[in-house]
Amino acid sequence: VPGADPSARQLCFAWGPAEVLVCETLFGRAGGCRSRCPCRSPCPSRLWAAGRAGGAARALTGSLAGTGDGAPSSSRVFVVRRDQDIYIQTLRKLFNESHGIFMGLQRSEEELAGKSRKAQLVQVSKNYRSVIRACMEDMHQAAVSTRDPALQGQYSTQVSILSAMELIWNLCEILFVEAATAGPLLLRLLDWVRLHVCDVDSMVREVLSSESPSKHKLFWNVVDVFVLQGRMDEARHLLSKEASANPTSMNMYKILDDLMKKMPVPSLGNTQTLTELELKWQHWHEECQRYLQDGTFASNPHMESICKILLGDEDAILEKKELMTTWYHFLVTRLLYSHPTVKPMELRFYAQSSMDLFLGGESSPEPLDMILMSAFEFEMHQVIKECSIVLSNWWFVAHLTDLLDHCKLLQSHNLYFGSNMREFLLLEYASGLFSHHSLWQLGVDYFDHCPEYGRVYLELHIERVPLSTEQKALKVLRICEQRQMHEQVRSICKIMAMKALRNNRLGSALSWSIRAKDAAFATLISDRFLKDYCERGCFSDLDLIDNLGPSMLLSDRLTFLGKYREFHRLYGEQRFAEAARLLLTLMTAHIAPCSFWMTLLTDALPLLEQKEVIFSAEQTYELMRCLEDLTAGNPDKQKFQDDDVETTKVEMLRLALARNLARVIVKEGTVEGS
276 VPGADPSARQ LCFAWGPAEV LVCETLFGRA GGCRSRCPCR SPCPSRLWAA
326 GRAGGAARAL TGSLAGTGDG APSSSRVFVV RRDQDIYIQT LRKLFNESHG
376 IFMGLQRSEE ELAGKSRKAQ LVQVSKNYRS VIRACMEDMH QAAVSTRDPA
426 LQGQYSTQVS ILSAMELIWN LCEILFVEAA TAGPLLLRLL DWVRLHVCDV
476 DSMVREVLSS ESPSKHKLFW NVVDVFVLQG RMDEARHLLS KEASANPTSM
526 NMYKILDDLM KKMPVPSLGN TQTLTELELK WQHWHEECQR YLQDGTFASN
576 PHMESICKIL LGDEDAILEK KELMTTWYHF LVTRLLYSHP TVKPMELRFY
626 AQSSMDLFLG GESSPEPLDM ILMSAFEFEM HQVIKECSIV LSNWWFVAHL
676 TDLLDHCKLL QSHNLYFGSN MREFLLLEYA SGLFSHHSLW QLGVDYFDHC
726 PEYGRVYLEL HIERVPLSTE QKALKVLRIC EQRQMHEQVR SICKIMAMKA
776 LRNNRLGSAL SWSIRAKDAA FATLISDRFL KDYCERGCFS DLDLIDNLGP
826 SMLLSDRLTF LGKYREFHRL YGEQRFAEAA RLLLTLMTAH IAPCSFWMTL
876 LTDALPLLEQ KEVIFSAEQT YELMRCLEDL TAGNPDKQKF QDDDVETTKV
926 EMLRLALARN LARVIVKEGT VEGS
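Sequential numbering of the sequence shown, starting at 276, is according to this note's numbering.
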């Protein structure tokens, strides 16, 4: 952890889903952590900052530590991330575009048979490589354009990592996905070397762009490069320039040109059998040997060296070590000129001996060398293991393993804790995506395609997505609803309802509580609506309340709120008889809170004073009973009687009810008499 000194300060830590929170203390090394650190347990003498390569720490200034006498002192809090690459902006293309390729591969499970299926998988592999290369080119452009040395170094490092990833992936594509056979295998390996060993490209351009290429000091180096990479046509073209410039070497040039032209090479069209190729190659090899022994090229060391390379002379090839730069370039050149019909299972022997010869004990193999060696040995599980350790994120191993699994190459390999290797790596990669503020959406699809533990992981991670905006909450909610994750739906809705309530957005809070089907919370918000109505004399969010529909049945209080709003609507439309029946129903059905009865009775006053009689005698008696129940059953009866306003309301109601009753009796008696 950069900036932390565990030898001077104890470090406390707490694990998170994708991060580790680390803080410093200043207490004795022998004791436990007595600062208020997240772990609240004895701290180790050293922090095991395991993580994988590429983890990064971010320091936050704080005052969690103290001095020996209890006085506070400056300290820091570190956030250690395991998948720092997730946060590199220029790698977003890699994550986003590979997600589309991954999803396309999962949807193609109708498994084409035989060659069609293999061609499909090879194309998927090439699509992945094209994304890596495009991302690498973008990163290179960013490194060239930036003026910040630190950023330039970071981008250059990423270019190297992406280049290594493409190198490994391409080799795995040849050996595992395409499973090239003897003959075509060598052609694929030649293409692989030409594509990835490009350190000599600038030298080739320099020579070819000069006025007289044959006079250039690097001319023969370029010819050698072309020969070492099996680019015979280009090598012959350059040699023709040498022959034109030096007529004395014309005879040697023609012989060498003829040898290079006649060199047998495998074909992809299966136009010849391996036996035929081996016979042709043997005759050609003997011809080269004869010219060399006759001293045909003795007067020109460069041409003689090329002839030795054509014969597969290991010493002659190793003399060009600086031009090949890597042992795997040496391996492919060696195979081209000594064993062009190499079989896949024979590669391990040639690869190991080539690496030993090329390195010669002068240097030890790098991690990349060991990964490539494992691939040549067809140890694909070892390739995945080594890449998991060396590379700075799970992207590479997750997608490569998924592809190999679709090739039916990992079916027999299950991990001891239940899930297979493909699922384990996809879960790790998707978990890393969930630590990012926007890439988490890609992680959902990866979890969906992990049949054993994917749903469990998704449920755990989706709950930790920060619901910073209502739009984001709706997005998360839609994901949960599509997957019938009912507990998570309720949890999200409750969180959003509580946020809205804290901000006094009652309509939004009610909407979220209804969506959560939380009766208790809906009751609480309904009470707030009613309280707000009592204070302001009108409802807010009328559109929501008017369109509650069946949702109002979630709780009695919500039902009352919806019906009470309906009463106001009927009254506003002058449908007084319907409004009166509804008002009486609200009181007699006991769904209205007792504290709201006086408001309901007060709402009845205008109806009681209408010119036309609205309430029948029976309804008037019910209202009288409700009024008496309210005044007699009030626990604060004395306080109620001392309140002049409430007393005035009660007297007005009694008078209005008595007058209405008299009018009703007269009206009903008149009707009966007639």
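It is worth saying that the hints were derived from the structure and are not from the lab.
The beta carbon of each residue, even a glycine, is placed where N, CA and C say it ideally should be.
Mixed in with the good hints, there may be bad ones.
[What the hints assert, rightly or not] Restraint ranges, calculated between C-beta atoms of paired labels, are given here:
#, residue 1, residue 2, range
1, Thr877, Ile770, 34 to 40 Å
2, Pro640, Pro522, 45 to 51 Å
3, Gly379, Thr744, 28 to 34 Å
[Claimed, not checked] Pairs of lysine-lysine residues, derived as PhoX-like cross-links and limited to a Cα-Cα distance of at most 20 Å, are as follows:
#, residue 1, residue 2
4, Lys492, Lys596
5, Lys537, Lys555
6, Lys555, Lys516
7, Lys683, Lys401
8, Lys492, Lys536
9, Lys596, Lys536
10, Lys618, Lys596
Evaluated hints:
| no. | hint | verdict |
| --- | --- | --- |
| 1 | Thr877 / Ile770: 34 to 40 Å | holds (38 Å) |
| 2 | Pro640 / Pro522: 45 to 51 Å | holds (48 Å) |
| 3 | Gly379 / Thr744: 28 to 34 Å | holds (31 Å) |
| 4 | Lys492 / Lys596 | holds (18 Å) |
| 5 | Lys537 / Lys555 | holds (9 Å) |
| 6 | Lys555 / Lys516 | violated (29 Å) |
| 7 | Lys683 / Lys401 | holds (18 Å) |
| 8 | Lys492 / Lys536 | violated (26 Å) |
| 9 | Lys596 / Lys536 | violated (25 Å) |
| 10 | Lys618 / Lys596 | violated (25 Å) |
Of the numbered hints stated above, those contradicted by the structure are hints 6, 8, 9 and 10, listed in ascending order.
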